[in-house]
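The task is simple: from the sequences and hints, build the whole structure.
Here the protein sequences come in this chain order: A and B.
Residues in the first sequence are numbered from 36 upward in steps of one, following the working numbering.
Residues in the second sequence are numbered from 45 upward in steps of one, following the working numbering.
These aren't lab readings, by the way, just hints derived from the structure by calculation.
A few of these clues could be false.
[Claimed, not checked] Sample of chain B residues at the chain A side, in silico, Cβ under 10 angstroms: (1) Pro115; (2) Ala146; (3) Tyr148.
The structure displayed is predicted, hence computed values, not measured ones.
Virtual Cβ for every residue (Gly too), placed ideally from N, Cα, C.
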Amino acid sequence: GENVEQHPSTLSVQEGDSAVIKCTYSDSASNYFPWYKQELGKGPQLIIDIRSNVGEKKDQRIAVTLNKTAKHFSLHITETQPEDSAVYFCAAIGSGGGADGLTFGKGTHLIIQP
Amino acid sequence: SAVISQKPSRDICQRGTSLTIQCQVDSQVTMMFWYRQQPGQSLTLIATANQGSEATYESGFVIDKFPISRPNLTFSTLTVSNMSPEDSSIYLCSVGSGAVPAQYFGPGTRLLVL
Numbered sequence: 036g037e038n039v040e041q042h043p044s045t046l047s048v049q050e051g052d053s054a055v056i057k058c059t060y061s062d063s064a065s066n067y068f069p070w071y072k073q074e075l076g077k078g079p080q081l082i083i084d085i086r087s088n089v090g091e092k093k094d095q096r097i098a099v100t101l102n103k104t105a106k107h108f109s110l111h112i113t114e115t116q117p118e119d120s121a122v123y124f125c126a127a128i129g130s131g132g133g134a135d136g137l138t139f140g141k142g143t144h145l146i147i148q149p
Numbered sequence: 045s046a047v048i049s050q051k052p053s054r055d056i057c058q059r060g061t062s063l064t065i066q067c068q069v070d071s072q073v074t075m076m077f078w079y080r081q082q083p084g085q086s087l088t089l090i091a092t093a094n095q096g097s098e099a100t101y102e103s104g105f106v107i108d109k110f111p112i113s114r115p116n117l118t119f120s121t122l123t124v125s126n127m128s129p130e131d132s133s134i135y136l137c138s139v140g141s142g143a144v145p146a147q148y149f150g151p152g153t154r155l156l157v158l
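This is the structure we're talking about:
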């Protein structure tokens, strides 16, 4: 089955700086890579996703890059703000497809220092 | 977008008892899922709730322990049966489509078993 590794487990950055979270996956047939943000006491929120036919996708201060050859994808947050503090999860859908093929990373606790 | 509500939001239960968690969506959805998130951990899919048929369970989860109902396209319940302290977790309902399987999550039910 799919295996998703996420690093770092905790990331502390100064407000205004950029943050990068990296994930690697094992199944070369994986074709969908979502990122979720989970604030304290809330459910995860899908913030951006990318499919295997593109290398980069941007949405305002958030971007995701995908390197299929190396089997890794990254979340980039620029000009970080206090409200970006949360736990971020990456995920990948393996060759099985559907939610039963969606494997999550272990999460990154992002801390924005004022 | 879909708005998901869960009841109860949290509960403290005695071991050996059962708790039923409700998930209500504000629109008809094809795919509905139940996840477990143990303290400080990532998300694990328990089962896919199928409308009109039995739920499809992931490895390590069985119907006797986690019976699921899905009477229509907007509602589902998950029961945690014969609870033990190891069942203490956040239980999350999620909905999506074939293209984006876990697109929206509910706020979660925080369960503590004593």
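Here is how each hint holds up against the structure:
A hinted interface residue such as Pro115 of chain B counts as satisfied when its beta carbon comes closer than 10 angstroms to some beta carbon of chain A; here the least separation is about 20 angstroms, so the hint is violated. Against a cut-off of 10 angstroms between C-beta atoms, the interface hint on Ala146 of chain B holds, since the closest Cβ of chain A lies about 6 angstroms away. Interface hint status for Tyr148 of chain B: upheld, as the beta-carbon distance to the closest one in chain A is roughly 7 angstroms, under 10 angstroms.
Checked against the numbered hints above, the structure violates only hint 1.
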